[in-house]
Amino acid sequence: MSGREFFINRYRKLGWEHREIELKQAIRINSVNLTNPLDAIKRLQRLGLSLVKIPFLENGYWVNEAKFSVGATAEYLLGLYSIQETAAQIPATLFTELREKTVLDACAAPGGKTTQLADLMHNTGAIIALDIDRRRLTALSNQLERCHIKNTVVYRLDARRVSKLERSFDRILLDVPCSGNFATDENWFRRRTIRDVERNAALQREILAAAVKVLKDDGEIVYSTCSLEPEEDEFNIDWAMRNLDLKVIKVDCYGQEGLTGVFGKHLDSSLKNCRRIWPAQTQGFFVCKLEKR
Amino acid sequence: MIKPIRDFATLFGTKLSLPESLIVKKGNRFFLLTTELKKLALKDFFYAGTFLGEVKNGGFFPGFDLLRMMAEQKANGVVVDKKTEWLFICGRDIFRQGITEVTGPGRKGDYVLVLNQHGECLGFGQTIRDLDKQKEGVSIENISDIGDFLRREKPT
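Line order of the protein sequences matches chains A and B.
Add 1477 to a position in the first sequence, counting from 1, and you land on the number used in the working numbering.
Add 71 to a position in the second sequence, counting from 1, and you land on the number used in the working numbering.
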């Protein structure tokens, strides 16, 4: 159970007709390092970069045209902006008030969302960022240094063992390891099988279960994947509602309602409050916000 | 614990007043915590707060945020033009013609911060000529620049 036709047929059953897309490169302004974020835009435009504001993101811009690598400018190296895919900029913005909070970024490397969280927190409170791969942790640390992040501590720790830290959190970002999607990987259909999807879905449930144990009673979880496969998205959230006593909170962001009927199975109706993002202006993505019942 | 950091800042003719209670050493690396991070009583971390620098080859080598703090304290430095900014970030030494402003004595052998036209710190170097006597040619040897963020990511 793999291959291009197999997955495209699944998407058709979910109500989406597959089409190839060309992703636009996106950047996010690190506003905390600037008195006026528009200064960074003006500087980049003077360099010859053509930028278009992303209508549904406060600090996001699409790169329309660049005569040079966007990751090789003084402004990038000075931390004035980060390169971050459009949909990947959404999850961190879904938390209510972040300033002064204690935040867990459970699968943090390479750090795009961690630096975004720190930016939204104005470097206040504390972020605890976890990952397991040493090379990816080094990349995360480099991002933190480049963006002048002050409020983050990084641990080499599997998210499933987060209770070892003996802390509870106001906000938890679960941007979990996932199967990805074809929009960001041209070999995706060749590489992926349904077994991969099921394996990832099981790991994601373990991470969700571990996260709930360290979430404060009035805390919030934002769960996201860049997978289009319902096993990693709606099915997992339906499972979390039934087994971890969580509820889905409605979010207002780019994307379509989450699915409540998948391959003949009826899921909890509140799953429509999740957001499913089929590839178009962004890569494929899924995001939802959860609280304890 | 703070002595190597203070000594390093002195090389640039500036004094840094960092809260010693918020500085932690992990292996050979120094980090400055916020009071919030300090409350978490960190142990066995990989990275924390602001990276100040590390002890390397028996000497202290600064992180870019430490240089940034020193720039805010008006440490000895030079401002360079846009073209020189990019060459410096690419690891090149600085020619006299690219320097638009000098803060401090600018004598041969001095350590200087290198700033762009916006006053942002790009790294540091050491002067190899007295800057007031020189009209052209290489003036400052590049020791460390923010292009390092790109070089670090390259596979070895």
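No lab work stands behind these hints: they were computed from the structure.
Take the hints with a grain of salt, since some may be wrong.
As the list claims (entries may be wrong) - In silico contact screen, one side only, chain A against chain B (beta carbon under 8 Å); selected entries:
| id | residue |
| --- | --- |
| 1 | L1491 |
| 2 | G1492 |
| 3 | W1493 |
| 4 | A1543 |
| 5 | V1547 |
| 6 | A1549 |
| 7 | S1618 |
| 8 | E1622 |
| 9 | H1625 |
| 10 | N1628 |
| 11 | V1689 |
| 12 | K1724 |
As the list claims (entries may be wrong) - The list that follows gives simulated cross-link-like pairs (lysine-lysine, DSS-like), each with its CA atoms no further than 27 Å apart:
| id | chain 1 | residue 1 | chain 2 | residue 2 |
| --- | --- | --- | --- | --- |
| 13 | A | K1627 | B | K206 |
| 14 | B | K114 | A | K1690 |
| 15 | B | K97 | B | K110 |
Keep in mind that this is a model prediction, so the values were computed, not measured.
Where a beta carbon is used, it is the ideal one built from N, C-alpha and C, also for glycine.
Hints, verified against the model:
Evaluation of the A/L1491 hint against chain B yields a violated restraint, the C-beta minimum of about 37 Å exceeding 8 Å. Restraint check, A/G1492 versus chain B: the minimum CB separation of about 40 Å is more than 8 Å; hint violated. With a least beta-carbon distance of about 35 Å to chain B, the hint placing A/W1493 at the interface is violated under the 8 Å criterion. For A/A1543, the shortest C-beta to C-beta distance to chain B is roughly 15 Å, which exceeds 8 Å, and the interface hint is violated.
Using the Cβ-Cβ criterion of 8 Å, the hint placing A/V1547 at the interface with chain B is not satisfied: the shortest such distance is roughly 12 Å. Satisfaction of the interface hint for A/A1549 is found here, the shortest Cβ-Cβ separation to chain B being roughly 6 Å, below the 8 Å cut-off. A cut of 8 Å between beta carbons decides the hint on A/S1618: the least distance to chain B is about 4 Å, and the hint holds. For the restraint placing A/E1622 at the interface with chain B, the shortest Cβ-Cβ distance is roughly 5 Å, inside the 8 Å limit, so the hint holds.
Interface hint at A/H1625: satisfied, since its Cβ lies 6 Å from the closest Cβ of chain B, which is below the 8 Å cut-off. Given hint, A/N1628 at the interface with chain B, holds; its Cβ is 6 Å from that chain's nearest Cβ, closer than 8 Å. A hinted interface residue such as A/V1689 counts as satisfied when its beta carbon comes closer than 8 Å to some beta carbon of chain B; here the least separation is about 21 Å, so the hint is violated. With a cut of 8 Å, the hint placing A/K1724 at the interface with chain B is violated, because the nearest CB-to-CB distance is about 29 Å.
Of the supplied pair hints, the one linking A/K1627 and B/K206 is violated, its CA atoms being roughly 41 Å apart against a limit of 27 Å. Between B/K114 and A/K1690 the alpha-carbon distance is near 21 Å, which keeps this suggested pair within the 27 Å criterion. Among the hinted pairs, B/K97 with B/K110 is consistent with the structure: their alpha-carbon atoms are about 17 Å apart, no more than 27 Å.
Hints 1, 2, 3, 4, 5, 11, 12 and 13 from the list above are not met by this structure, while the remaining hints are.
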